[in-house]
Amino acid sequence: MPGLLVSTTVNGDAIEFVCPQDETLLDSLRDRVGLTGVKEGCGTGDCGACSITLDGRLVCSCLVLGAEANGREIETVEGLADGDKLHPLQDKFIEYAALQCGICTPGFLIAAKALLDRNPNPTVEEIRYGLAGNLCRCTGYDKIVRAVQAAAKQMRKK
Amino acid sequence: MPQDTSYTDQNFKLVGTRPRRPDGVDKVTGRAKFGADATAPGQLVGLILRSPHAHAKIRKIDTSKAEKLAGVKAVVTSADLPDLTDGDRAMLDILENCMARGRALYDGHAVAAVAAINAQTARKALKLIKVDYKVLPHVTDVDEAMKPGAPIVQDWVFTTGVEPKPNKPSNISQRNEFGHGDVEAGFAQADVIVEKSYKTEQTHQGYIEPHACLASVRPDGSGELWVTTQGHFTFRNICSSLLGMDVAKLKVTASEIGGGFGGKTHVWMEPVALALSRKANRPVKVVMSRDEVFRATGPTCSTSIDVKIGVKKNGTITAATAELRYQNGPFPAIWGMLGAMTSFACYDLKNVKSVGYDVLCNRPKVTAYRAPSAPMAAFAVESTMTLVAAEIGMDPVDFRIKNAAKEGTLASYGPTYGPIGIGPTLAAVKNHPHMKAKLGKNQGRGMACGFWFNFGGQTCTDLNIGIDGTVTLTVGTVDVGGSRASLSIIAAEELGIPYDQVQANIADTASLGFNDMTEGSRGTFSSGMATIFAARNAIEVLRERAAQMWDIPVKAVVWENGEARATGKEHGNLPVLSLKEIAAKAPRTGGPIAGHNEVVADNAGVSFASHICDVEVDPETGGTKVIRYTVIQDAGKAIHPDYVEGQFQGGAAQGIGWALNEEYIYGEDGRLQNAGFLDYRIPVCSDLPFIDTEILEIPNPNHPYGVRGVGETSIVPPLAAIGNAVSDAVGVRLNHVPMSPPRILKALDEARGS
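In order, the protein sequence lines correspond to chains L and U.
Read in order, the letters of the first sequence correspond to residues 0 to 157 in numbering that gives the first Met the number 0.
Read in order, the letters of the second sequence correspond to residues 0 to 753 in numbering that gives the first Met the number 0.
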């Protein structure tokens, strides 16, 4: 099977890559676009470490084919900061020690941003259910929830 | 209980503060490089073929078709990993676990591997390898494996620790007994005796990052390995030994590690990746799938445990015994022994005996999982403790306080305790507002205690002062959860400089002396100790250089607040010299300024915790939700409290998952049926409440700051705390972990008489 030429937008930049037809978008992003901030924890959509947004919608990139990205807009953790200024979620994750090993952090940041984009003032329960698609094995989620609360508060001030 | 606070009352400026971690920005921007994130020119993709059978003889492996496939650069089997272990059976076991040698010992056991130009080709090649298996009878249950007539997993294993020496092979690899006093006499004095049996299922560490490595072996016999590991120096020793390489010629670099919890203390596919690279003469990257991680790496033991405790009506324990049977996978190990050692460590007992059995089964090789072996023993003992308290009508906390170990107690596993934290954690439970909070319908409260030994081990640390006075701290213990921040705090504290003036790094094996792994809660304990000594050595050099700059004797120079100060009538008026000023002159005063330390950090200081837990049980479904949770643990001294709390919370969350949901489910065919995160369900954010923490500081007298390891003990109490809470909520006692909805519903139905 010949590879497919995919023209897509990643973090605002026009990107082209060629991928086999059966390759996941996760593998395309990691191996062809070089965005290794997108992590593979399971490959079956259960852990959320590969979370990205595709046309603004939160998805597991391991459940999307690279070919499906053609003509669409992708956001990954690498595009979260505004120039040299960290996104409030990134800043609060560090301040609140919301990461230990950090492998799940990119997925959590993308999922939390998607949550706050649609609900700028979530309750603790809304945060917990909003992030239930992302697994963290280190923190027990306590400091993650607190960091998201703090980031939401800061973002509402703007 | 009075506590020695001379260590913790030191006038610290930075220890105990919560600065931002040095690797934070990389980890929130996607820049941090984990195991699967490295690349090398010309790298190949390595994949591993695994046995679908729990136990089989491998008659033949035909790799010829795979080798002929275009794009395949190497195929390896055990023939490419010859036995160089020179009679060292433990090393041969490691090698055999990495690649089957004539027999498959569990579902998922590696039998062959390929390296190809891309993943598509490698996957095709795996399908072209033909393995001729003769399926053998298997055993996956620990109690079944101990029965006479059970299929024998290893025909060379004869039970040790029993008399007379057996003449037949057995699945019981060893028996170990601990304790003191006369338990029969003790039980004879008891007013009440409670005896109970328990089972716990096998769980996985569940680190989110699968095992991954990039191996590159050159034809001249040297090589490099980039790998996600808890201990790259140990990996180097083992890999070089198995591959027949010189230790110095294999450079191992630890990537950022995406969780380990003990599972990344062992080599799994790394020697295979090196063998593929050697054969192909190309770099080879091997990344496991989640299915492989579950089937073929590091779960903890399943267990079966009997506990018997005798007590006077006044609450004094007269005798306690436990028999603990731990399933080790197919290779002999020490997990049952550790379970027996930890089982009664919280208590001051006159008559105590614990017997541990290590048992082989056709399941994956068991490895360490956070305080390995202790949670299961604690589930059995702490459940029984609460039952005993109820039998004599005593409050379960008071009962534990009455029998708690203290300084001078002869521990059930042998040593006599120094200052310890079990009493203070229990006192804190007693006084905690959580204990007084009201409970609703179908809600219950439980508490339990936990113990872990902690470990010190070999450590080697460098501290180099740059021309601008900034400090490069180089350690060899992998940072699994923020230790670079803690160690930077310690270096800055000793030198008297700001935290930001220190940059901590993890060195590769070519850049620093040997360090034991980050295991046994030793990272901040041992590297912290070596950092203190390295900094003090650097201060000696700084004083000498200042003396030289002033042209006065060294003994007239003191180091205070990050500055050299001249003392005495003669020199006291000299202006101080800052670290930066001394560093700037280093090229002309004797060259680079550095401190170095290598140490065996003995006497890590034992660790105790007590947990309180509230649950709500749905009597219709058996579903259980943890609604409030409090961890109280002795940290000795908390260097960076955020990351101490994080260890408390993370361990509790893993324990909650183990208690309520997580288990390896094997079919009759001996195959693992739930090798994925959908069916092996670890707690998600919506499953848990906030996890409150209280850090106690009972100093470890063997550490300059009083530090104890904090990483592991937090996983020990939750199984029993939740079991006790479930019992309190709905009146049924679960003796089988996980307490999943079907098990709780079954117990409720039996209690309801349906």
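These are calculated hints, taken from the structure and not from any lab test.
All residues carry an ideal CB built from backbone N, CA and C; glycine is no exception.
Be aware that one or more of the hints could be misleading.
Claimed, not checked - Derived list of chain U stretches under chain L, where covered just means 3 residues or more per stretch with a C-beta under 8 angstroms from a C-beta of chain L:
| id | stretch |
| --- | --- |
| 1 | 28-38 |
| 2 | 85-98 |
| 3 | 201-214 |
| 4 | 320-331 |
Now the hints, each set against the structure:
1. Only residues whose C-beta sits within less than 8 angstroms of a C-beta in chain L count toward coverage, and the stretch 28-38 of chain U has 8 of them, enough to reach three; the restraint holds.
2. For the stretch 85-98 of chain U, the stated coverage by chain L is violated: 0 residues have a C-beta nearer than 8 angstroms to a C-beta of that chain, whereas at least 3 were required.
3. For a cut-off of 8 angstroms, the count of residues in the stretch 201-214 of chain U with a CB near a CB of chain L stands at 6, and the three-residue condition holds.
4. Counting residues of the stretch 320-331 of chain U whose CB falls under 8 angstroms from any CB of chain L gives 0; the rule of at least 3 is not met.
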